[in-house]
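Asker: Chain by chain, the residues run as shown.
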Amino acid sequence: MSNNAKYSKADFIRFVMSTIEHESSDKEKAKEYLSAQGLNVDSIVSDGMKRLKLLQLQISAEKTKAEMLLAETAKHKASEWVDGLLSKIDFSLPELIKEEELTLSFRNIEKLSKEDIKKLLVKHFTLKFLEEQTKGKK
Amino acid sequence: MTFKFSKAEQIAKSTLDDCGLDDPTQFPLNEIILGRKAFYEEVPLDGKDGEIVSYHGKSIIHVNSEIPFETRKRFAAAHELGHYEMHRHLHPVFTDTEEVMMNWYKAGPQETEANEFAAEFLMPSEVFYKECERKKFGPDVIEHLANRFQVSKTAAILKFVKRGNHPVVIVYCKDNRMKWWKSSEGFRYFLEFERDKHPPTGSVAYELFTTTKIYSGDELKQDIWKSDWLRMKNDDEPDSRFFEYCLFVRSFNYSISVIWEK
Chain L
1 MSNNAKYSKA
11 DFIRFVMSTI
21 EHESSDKEKA
31 KEYLSAQGLN
41 VDSIVSDGMK
51 RLKLLQLQIS
61 AEKTKAEMLL
71 AETAKHKASE
81 WVDGLLSKID
91 FSLPELIKEE
101 ELTLSFRNIE
111 KLSKEDIKKL
121 LVKHFTLKFL
131 EEQTKGKK
Chain Z
1 MTFKFSKAEQ
11 IAKSTLDDCG
21 LDDPTQFPLN
31 EIILGRKAFY
41 EEVPLDGKDG
51 EIVSYHGKSI
61 IHVNSEIPFE
71 TRKRFAAAHE
81 LGHYEMHRHL
91 HPVFTDTEEV
101 MMNWYKAGPQ
111 ETEANEFAAE
121 FLMPSEVFYK
131 ECERKKFGPD
141 VIEHLANRFQ
151 VSKTAAILKF
161 VKRGNHPVVI
171 VYCKDNRMKW
181 WKSSEGFRYF
191 LEFERDKHPP
201 TGSVAYELFT
211 TTKIYSGDEL
221 KQDIWKSDWL
231 RMKNDDEPDS
241 RFFEYCLFVR
251 SFNYSISVIW
261 EK
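Going line by line, the protein sequences match chains L and Z. Residue numbering for the first sequence follows our numbering, starting at 1 and increasing by one per position. Residue numbering for the second sequence follows our numbering, starting at 1 and increasing by one per position.
Calculated from the structure, these hints are not laboratory results. Treat each hint with caution, since some may be false.
[Unchecked claim] As a list, the in silico EDC-like pairs of lysine to aspartate or glutamate whose alpha-carbon atoms are at most 20 Å apart: (1) L:63 x Z:42; (2) L:114 x Z:46; (3) Z:135 x Z:261; (4) L:65 x Z:31; (5) Z:37 x L:67.
In this text, all values refer to a predicted model and were calculated from it rather than measured experimentally.
Using the sequences and the accompanying hints, generate a full structural model.
Answerer: The following block contains the structure:
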């Protein structure tokens, strides 16, 4: 650029930026501009949204894994709790199911083995204790 | 191609959309389930393929780690995800056996919904149809679809009846007894079906149940007569040639016959 130039480098950048600002601040104009450049705007937006959703899914999966690690304490507590329940002389599964609102779909209670019942109850109480644990922290 | 979707299929589609996926083979299924905020583990389960226990909207999903085929494990996981997305607030416990997964149309409304969800989630209709397009139907198409979507041939056949590009009728037999059938929209013949009766003696299904015969390769597709499986219009109608591809699962003693016009 010669010393006689009317406009400086800074002026040029200001000019470009103002044009960009003008084009991109108006959604429709930005879309028109990009389409005119041969780009499929809807497809770009849709792909971008998919990537964001997938990233959110990955973050959420990591959070769930961390929560599962935290649930180990609740699981241990639930296991001890269920052992205690099942060893009680007056233990009644139908009453517990009623009390805990545990409806079983498809399979009848009679078809469940003692081990099945124990495993189901441990899962149920793990979730229950985990909720209490989370509420307690709040 | 436009399809009509059931409620369960619509939920499967919106779940995929929420995940940012067009095709679930793009991302590990266990990660998808964890991403949907359900606890997921593969553990040994006695006599069950999958189980879900829920409490106040939180769920633990377990899939049997001892299921010998990854494709079946995958279907069980998607089935439980279906219960999670649709039923976790309605029923706290679902325990699902192989029988539930196979008896699609007989296992009760919520199990049917979970199966419909799983089929649509693992094999999205639009993608599935594209995979079938310009292919002449036969056992190789089923094999291609099963590999492409990482599902069993059984699952691929069941999806093909609903979303495939060629009219077929399928008959499910267990222990050499007919249990249920399903036909594509465009299939214009009547099946001779009586629940719990033997399949017709001229059928491939009957042959496989009653002998040690195994068909493979080019022989998977067998020539049969129309009158073997289908009702003739009247006594004067000349018999015509059809095909039967019978998927026989000896370990569970069930078969699925796919029948189509030559």
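Asker: Now tell me if each hint is right for this structure.
Answerer: We went through each hint and held it up to the structure:
no. : hint          : verdict
1   : L:63 x Z:42   : holds, 19 Å
2   : L:114 x Z:46  : holds, 12 Å
3   : Z:135 x Z:261 : holds, 16 Å
4   : L:65 x Z:31   : holds, 10 Å
5   : Z:37 x L:67   : holds, 9 Å
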